[in-house]
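Chains B, C and D with the ligands: place on chain A using the hints.
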Amino acid sequence: MEGIEPLGTERAPLEIDVPATCECLSLVHEATRRAALAEGFDPSAADEIAVAVGEAMTNVVEHAYRGEPGHAVRLRFLPGPDALRIELEHRGAAPASLPTGVDLGRLARERRRGGLGVHLMRRLMDHVVHEEPAAGVGCWVLERNRAGFRPPES
Amino acid sequence: MEGIEPLGTERAPLEIDVPATCECLSLVHEATRRAALAEGFDPSAADEIAVAVGEAMTNVVEHAYRGEPGHAVRLRFLPGPDALRIELEHRGAAPASLPTGVDLGRLARERRRGGLGVHLMRRLMDHVVHEEPAAGVGCWVLERNRAGFRPPES
Amino acid sequence: MPDLQVATRRAAEVVVVEPTGFINAHTVAEFEGVLNALVEAGDVRIVISGAHLSYVASAGFGAIMGLIEEARAGGGDIRVAALTGTVAHIFRVLGFDRLCRTFETEEEAILSFGGH
Amino acid sequence: MPDLQVATRRAAEVVVVEPTGFINAHTVAEFEGVLNALVEAGDVRIVISGAHLSYVASAGFGAIMGLIEEARAGGGDIRVAALTGTVAHIFRVLGFDRLCRTFETEEEAILSFGGH
Ligand SMILES: Nc1ncnc2c1ncn2[C@@H]1O[C@H](COP(=O)(O)OP(=O)(O)O)[C@@H](O)[C@H]1O
Ligand SMILES: Nc1ncnc2c1ncn2[C@@H]1O[C@H](COP(=O)(O)OP(=O)(O)O)[C@@H](O)[C@H]1O
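Protein sequences appear in the order of chains A, B, C and D. Those letters in the first sequence? Residues 2 to 155, per my numbering, in order. Those letters in the second sequence? Residues 2 to 155, per my numbering, in order. Those letters in the third sequence? Residues -16 to 99, per my numbering, in order. Those letters in the fourth sequence? Residues -16 to 99, per my numbering, in order.
Hints are computed from structural coordinates only; laboratory data are not their basis. Ideal Cβ placement from N, Cα and C applies to all residues, glycine included.
One-sided excerpt, in silico: chain B residues whose CB lies under 8 Å from chain C:
(1) Glu63
(2) Gly106
(3) Leu108
(4) Arg124
Some chain C residues flagged as far from chain B (calculated, every beta-carbon gap over 10 Å):
(5) Gln(-12)
(6) Val(-11)
(7) Ala(-10)
(8) Thr(-9)
(9) Ala(-5)
(10) Glu(-4)
(11) Val0
(12) Leu21
(13) Ala34
(14) Gly97
Chain A on its own, in the form it takes in the complex (with noise of 0.2 Å):
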C-alpha cells in the first residue's frame, strides 16, 4: 500500500503508446519537458529535450509512416545514472541514411521548407541514432546527458 514512486522507481522504465498524428505534439512536447523536469534538469534544458522529442515524433509521423492515420508510436523515457535516455519505436520505414549537417543557405535559395528535423535532434541532445532492433520496428534513440556528466571520449 505504499504510494507509487515518480520515474526511476517503481514504473521506470515508463513506457505508453501515442497515436502517430501531429495533434499529439504537443501533448508529447510537455510530457516530455515534464519527464525532464522531473529528472533534475533545468527548464531550459527540459525544453530543449521536449524539441528534440518532437522532431522524432514528426519524422515518425510524416516520414516513416509517410502521414497515413493510424500507426502508433511507443514513447519511453529511460533515465539511466548519467544520461535521460528517450526512445520513440515505430513500424514504419527506416531512414535511408541521417544527414550530417545542412546547407541552409543552399535549402533557402532551393526554396526548401523542411530538411531541419534531424539536424536539430543531433544538436539539441548528445547522442541521436536510429535503429531497427527488429525486422519492420525502428527506433528513435535520443540520449542528453545529465548536468556535469562527462562521457568518455571516443
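Just chains B, C and D with the ligands, lined up with the frame of chain A:
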C-alpha cells in the same frame, strides 16, 4: 535570453489541444501526473489527480463527443496558491446532471459496466464541476487542494 | 511496462488473471475480453492479481462490476488480490470493498475459494 | 496561451508578424499561411517578433527558410526580433544567425529596413 521557467511563471497557464480519443488517455494521464509532481504534489496525489483527469477526458470522448472522431479537448493546467486547477474544455454535449453517488450493488445486479466515472472524479478531487462558459462550449473543472490547505467552510 | 498485457494462470479450480500495465477506457477491452471469455466458459472462480498494475480507471472497475454477479450466479466469484498504491486507494474510494472481496496475497485469494 | 495565434501589424512599409504560442509541425500551417500570403502579395519587408513564442520546432524555421529568398528577390527580407530562451537557442544551433538577421527588439528590426 533567460531560460523558460517551469509551469507557474512565464508560460502559465499552460494550454494544449489534445485529440479527443481514448488513444490519448495515457499520454494525458502522464502529462497530468508530471504536472502535479512538478507542482509539489506527492506521488500518490499526483497519480490520483491523473486518474481524475483521465476520467474527465474519457467523459468528453465517450459522452460529450459520443465517440465521434475528429474532435479536440483543450487541456489547461492552472496552478494556484491553494490548489491545482485543471480544465478540459470541449464543444460536445453537456451532462444533464451529475450523479451525487452510486449504488454499486444495484449497478452490479444490473450487469452495468459503467456509471462510475463522475463519481470517481469527485472522490479523487476536492472540487469537480461541469461548466458551460458559452453556447456550445462545455468545460470540466477539477481542483485538488495543496497539502495543508484548509478550504473555507461552505 | 507496456500499456496493458493480461496473463492468465490456473491454480486448481481457480483462474488467476494478472494484468500488467494500466487499465483505462482505451485498454479495458483487453482486460474485459479475458474476463468475459472466462465467465462465458464457466471459469467463474477468478482471482485478479493487482501486483503489476500502476493504475486502474473507472472503466476497469466497471468491467469487474459488470461481471461479478454473473460469476456468482455460476457458483463462482471475482476476488482481487495484491492491490497496491493508487489501485488500492481507488478500489476503496469507489466503495469496491463492499462489492468484492480482497486479499493481501494471491495465495490467500486462491485459498479463499477452497471451501466451496 | 493557445497552441498558436498569429497576429500581423503594419509599421510603415514593414509588416510585423507576431505569433503567440508555439510552432511545430502541427501549428506551422497557420504561421506559414500568414508568411505565404504576405510574400505573395508583395509585402516582403517582414519582421517576425518572437516575444510571445514558447518554442519553435524545425518546421517553423523551415517556413522562414523556404520564403526568405523569395522575399529578398522581391526587394525585401525576413528578419527576426525579440527571440528569447529556447527559441533563441534553437535559432543559434540551427545556424540561422548566418541566414537571417536578428535584432534584440522589434523596433530595431523595423528600423533596419529604413535604409532601403
Ligand atoms: N524515418 C524516415 N523514413 C524515410 N525517410 C526518412 C526518414 N527520416 C528522414 N528521411 C528522409 O530524410 C530527409 C530529411 O529528414 P529530416 O532531417 O527529418 O527533414 P524534415 O525536417 O524535413 O523532415 C527527409 O526529407 C526524408 O527524405
Ligand atoms: N458530458 C456528458 N454528456 C452527456 N451525457 C453525459 C455526460 N457525462 C455523463 N453523462 C451521462 O451520465 C452517465 C454517467 O456518467 P459517468 O459517471 O461518467 O459514467 P461512465 O463512467 O459510465 O461514463 C452517462 O452514462 C451519461 O448518460
